[in-house]
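**Q** Chains as they are written, first to last, in our numbering: chain A, 8 to 147; chain Y, 2 to 405.
Derived from the structure by calculation, the hints contain no laboratory data.
Only a predicted model underlies this, so the values are computations on that prediction, with no experimental measurement involved.
There could be a bad hint or two in this list.
[Said to hold, decoys possible] DSSO-like cross-link-like pairs, simulated, lysine-lysine; straight-line CA separation at most 27 Å:
id	chain 1	residue 1	chain 2	residue 2
1	Y	Lys-17	A	Lys-30
2	A	Lys-117	Y	Lys-340
3	Y	Lys-239	Y	Lys-193
4	A	Lys-30	Y	Lys-238
5	Y	Lys-165	Y	Lys-239
6	Y	Lys-352	Y	Lys-17
7	Y	Lys-352	Y	Lys-9
8	Y	Lys-193	Y	Lys-238
9	A	Lys-136	A	Lys-93
10	Y	Lys-340	A	Lys-30
11	Y	Lys-183	Y	Lys-238
12	A	Lys-117	Y	Lys-352
13	Y	Lys-352	Y	Lys-316
14	A	Lys-133	A	Lys-30
15	Y	Lys-238	Y	Lys-165
16	Y	Lys-340	A	Lys-93
17	Y	Lys-9	Y	Lys-388
18	A	Lys-30	Y	Lys-398
19	A	Lys-117	Y	Lys-17
20	Y	Lys-136	Y	Lys-193
21	Y	Lys-192	Y	Lys-165
22	A	Lys-117	A	Lys-136
23	A	Lys-133	A	Lys-117
24	Y	Lys-9	Y	Lys-48
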Amino acid sequence: MTINELQDEIIDEFSVLEDWMDKYGMLIDLGNTLEPFPEEYRIPQNLIEGCQSRVWLHAEMQQGNVVFAGDSDAILVKGIVSLLIKVLSGHTPDEILNTELYFIDRIGLKEHLSPTRSNGLLAMVKQMKMYALAFQATQQ
Amino acid sequence: MNVEDLRKDFPILQEKVYGQPLVYFDNAATTQKPQCVLDKIMAGYTKYNANIHRGVHYLSQLATEAHESARQVVADFIGAPDRTNIVFTKGTTEAINLIAFSFGEQFVGEGDEVLITAMEHHSNIVPWQMLCGRKKAVLRVAPVLENGELDMEAFRQMLSERTKIVSAAHVSNVLGTVNPVKEIVRAAHAKKIPVLIDGAQSVPHMPVDVQDIDADFYVFSGHKIYGSTGVGVLYGKKEWLEAIPPYQGGGEMIANVTFERTTYNELPYKFEAGTPDYIGSTALAEALRYVGQIGMNEIAAHEQSLIRYATARLKEIDGMRIIGEAGQKSGVISFLVGKIHPYDLGMLLDKMGIAVRTGHHCAQPLIDYYGIPGTVRMSFGLYNTEKEIDMFMQAMKRVVPMLN
Numbered sequence: 008m009t010i011n012e013l014q015d016e017i018i019d020e021f022s023v024l025e026d027w028m029d030k031y032g033m034l035i036d037l038g039n040t041l042e043p044f045p046e047e048y049r050i051p052q053n054l055i056e057g058c059q060s061r062v063w064l065h066a067e068m069q070q071g072n073v074v075f076a077g078d079s080d081a082i083l084v085k086g087i088v089s090l091l092i093k094v095l096s097g098h099t100p101d102e103i104l105n106t107e108l109y110f111i112d113r114i115g116l117k118e119h120l121s122p123t124r125s126n127g128l129l130a131m132v133k134q135m136k137m138y139a140l141a142f143q144a145t146q147q
Numbered sequence: 002m003n004v005e006d007l008r009k010d011f012p013i014l015q016e017k018v019y020g021q022p023l024v025y026f027d028n029a030a031t032t033q034k035p036q037c038v039l040d041k042i043m044a045g046y047t048k049y050n051a052n053i054h055r056g057v058h059y060l061s062q063l064a065t066e067a068h069e070s071a072r073q074v075v076a077d078f079i080g081a082p083d084r085t086n087i088v089f090t091k092g093t094t095e096a097i098n099l100i101a102f103s104f105g106e107q108f109v110g111e112g113d114e115v116l117i118t119a120m121e122h123h124s125n126i127v128p129w130q131m132l133c134g135r136k137k138a139v140l141r142v143a144p145v146l147e148n149g150e151l152d153m154e155a156f157r158q159m160l161s162e163r164t165k166i167v168s169a170a171h172v173s174n175v176l177g178t179v180n181p182v183k184e185i186v187r188a189a190h191a192k193k194i195p196v197l198i199d200g201a202q203s204v205p206h207m208p209v210d211v212q213d214i215d216a217d218f219y220v221f222s223g224h225k226i227y228g229s230t231g232v233g234v235l236y237g238k239k240e241w242l243e244a245i246p247p248y249q250g251g252g253e254m255i256a257n258v259t260f261e262r263t264t265y266n267e268l269p270y271k272f273e274a275g276t277p278d279y280i281g282s283t284a285l286a287e288a289l290r291y292v293g294q295i296g297m298n299e300i301a302a303h304e305q306s307l308i309r310y311a312t313a314r315l316k317e318i319d320g321m322r323i324i325g326e327a328g329q330k331s332g333v334i335s336f337l338v339g340k341i342h343p344y345d346l347g348m349l350l351d352k353m354g355i356a357v358r359t360g361h362h363c364a365q366p367l368i369d370y371y372g373i374p375g376t377v378r379m380s381f382g383l384y385n386t387e388k389e390i391d392m393f394m395q396a397m398k399r400v401v402p403m404l405n
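Model the full assembly from the supplied sequences, consistent with the hints where possible.
**A** In structure tokens:
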């Protein structure tokens, strides 16, 4: 699936959830079922320190695609980390760089990406694109 | 004191968030404003706005009188001997920066020591760190005991012949610990060391008498005691304020300026460079009159009963861990539940209309000491009620199982 198809799929899944409790329940489930972050990646270079919570992000190239692994100490943040990985991981650097992430806004969780929340998520999105850019440069 | 009646004085308390009544438990960060304070700000701009101290005209006289009588109100409120002991600043942070700079310039040199405590807010750490960096002095930190009380024995031992100043919070913004400030001052004075007390979390919650405490400097913020933002207070003993140089240069703080030499104005103007927030100062005076009419003893008793009630109710929750269990607490309760991250709890409580603070509360070293990711902090003001604590508990009982 393309990145946008994945985004649309998430929007569909969330559209059936009626109130914020269901939405947050879903995020918590997503956080709890995110693939465990390999301990060898839990190093200072992979840490994105927010004021409120911490996010870990690891990226590597596998057969021309960027593969991400991530984690957070806050479960709601981890849920969104899980969504970002689901959408962006396994795609080429070009695809990642040319994507506009619209799903967070559309599923009503934009507030988590606000700079004032200072939970590390905004920096994570930026970092994911930076990795794509770096991998793109090494390919050329 | 009838809290339900007092609540009507605060327009914002009638607001709803996400369609639900607002429960505001973030008073340690800032407080809401009563109508009389809002009216005062409006009156300032609609009736007597003119720059103070320099105009001969009618409005300027009115504004100057308002600002100077506000200074007297502040002096009376904290038991200062005279209005000239009161310097208006932007807030607690600026007041501490002022002393760290001006006192530091005059009295701190290479190898000297500044003593603070492990429960300080960043604003009572960083200015001293900067001073120590400039002067090659040493910042020393008196430790906190596991229950959140200051380790007084260690504190006493750390007062050395190199200690030039002590700076300590009256009340911890994370733990709620009320420090034995009189004891701190007495111990320091026995070695002729002056003391700054950070009153940001004490002045709004209890009667404070700076002369009884015998603090050399005492600082607090207006917006945490129902006044407007942007105004704070530095109280200083006259001999100290006279002994230290100005902090910033500019208009107002001078007596005479030539290109060769400037002489400085008398106290407190020497420390008030530029146009002060004279609207904010009059609003602060109004806020102090407002709480004064209710009575600081009454407010303290009411908030103490809220803390007791909330602490007892919090303990109904499995896995509850209260961070800071000092014998004497004021204003705030910090806690964690099991392994739940404070951010998650704060986000879900917010959705239910409950405003709490989460994170490290600008006291990272203290949070690191406890080895925790932060805390959830509820902090009370005069308008909070047991009913609101019940609403908070209802919300907790809904969201905690979601996160466990």
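**Q** Are the hints correct? Go through all of them and say.
**A** Right, here's what the structure says about each hint:
1. Distance check on the hinted pair: Lys-17/Y and Lys-30/A sit about 21 Å apart at the alpha-carbon level, within 27 Å; holds.
2. The hinted pair formed by Lys-117/A and Lys-340/Y meets the criterion: a straight-line CA distance of about 26 Å does not exceed 27 Å.
3. Distance check on the hinted pair: Lys-239/Y and Lys-193/Y sit about 16 Å apart at the alpha-carbon level, within 27 Å; holds.
4. Note on Lys-30/A and Lys-238/Y: the hinted pairing is violated, with a Cα-Cα distance of about 57 Å set against a maximum of 27 Å.
5. Distance check on the hinted pair: Lys-165/Y and Lys-239/Y sit about 18 Å apart at the alpha-carbon level, within 27 Å; holds.
6. Proposed proximity of Lys-352/Y and Lys-17/Y is supported: the alpha carbons are some 12 Å apart, at most 27 Å.
7. Proximity of Lys-352/Y to Lys-9/Y is assessed by CA-CA distance (about 24 Å); at most 27 Å being required, the pair is judged to hold.
8. This hinted pair checks out: Lys-193/Y and Lys-238/Y have alpha carbons roughly 14 Å apart, not beyond 27 Å.
9. For the hint linking Lys-136/A to Lys-93/A, the alpha-carbon distance of about 15 Å falls within 27 Å, and the restraint holds.
10. At roughly 21 Å between alpha-carbon atoms, Lys-340/Y and Lys-30/A fall within 27 Å of each other, so this suggested pair holds.
11. A C-alpha spacing of about 16 Å is found between Lys-183/Y and Lys-238/Y, which places the hinted pair at or below 27 Å, so the restraint holds.
12. Proximity of Lys-117/A to Lys-352/Y is assessed by CA-CA distance (about 14 Å); at most 27 Å being required, the pair is judged to hold.
13. For the proposed pair Lys-352/Y and Lys-316/Y, the alpha carbon gap of about 23 Å is at most 27 Å, so the pair holds.
14. Restraint check for Lys-133/A and Lys-30/A: satisfied, since their Cα atoms lie roughly 24 Å apart, inside the 27 Å limit.
15. Restraint check: the Cα-Cα separation between Lys-238/Y and Lys-165/Y comes to about 16 Å, which is no more than 27 Å; the hinted pair holds.
16. The suggested pairing of Lys-340/Y with Lys-93/A holds, with an alpha-carbon distance near 26 Å, which does not exceed 27 Å.
17. Taking the CA atoms of Lys-9/Y and Lys-388/Y, the gap is near 16 Å; set against the 27 Å cutoff, the hint holds.
18. With a C-alpha separation of about 18 Å, the suggested pairing of Lys-30/A with Lys-398/Y holds against the 27 Å cut-off.
19. For the proposed pair Lys-117/A and Lys-17/Y, the alpha carbon gap of about 21 Å is at most 27 Å, so the pair holds.
20. Restraint check for Lys-136/Y and Lys-193/Y: the C-alpha separation of about 21 Å stays at or below 27 Å, so the hint holds.
21. The suggested pairing of Lys-192/Y with Lys-165/Y holds, with an alpha-carbon distance near 10 Å, which does not exceed 27 Å.
22. Annotation: proposed proximity of Lys-117/A to Lys-136/A holds, straight-line Cα distance about 18 Å (limit 27 Å).
23. For the hint pairing Lys-133/A with Lys-117/A, the CA-to-CA distance comes to about 15 Å; that is within 27 Å, so the pair holds.
24. In summary, the hint linking Lys-9/Y to Lys-48/Y is supported, as the alpha carbons are separated by about 26 Å, within the 27 Å threshold.
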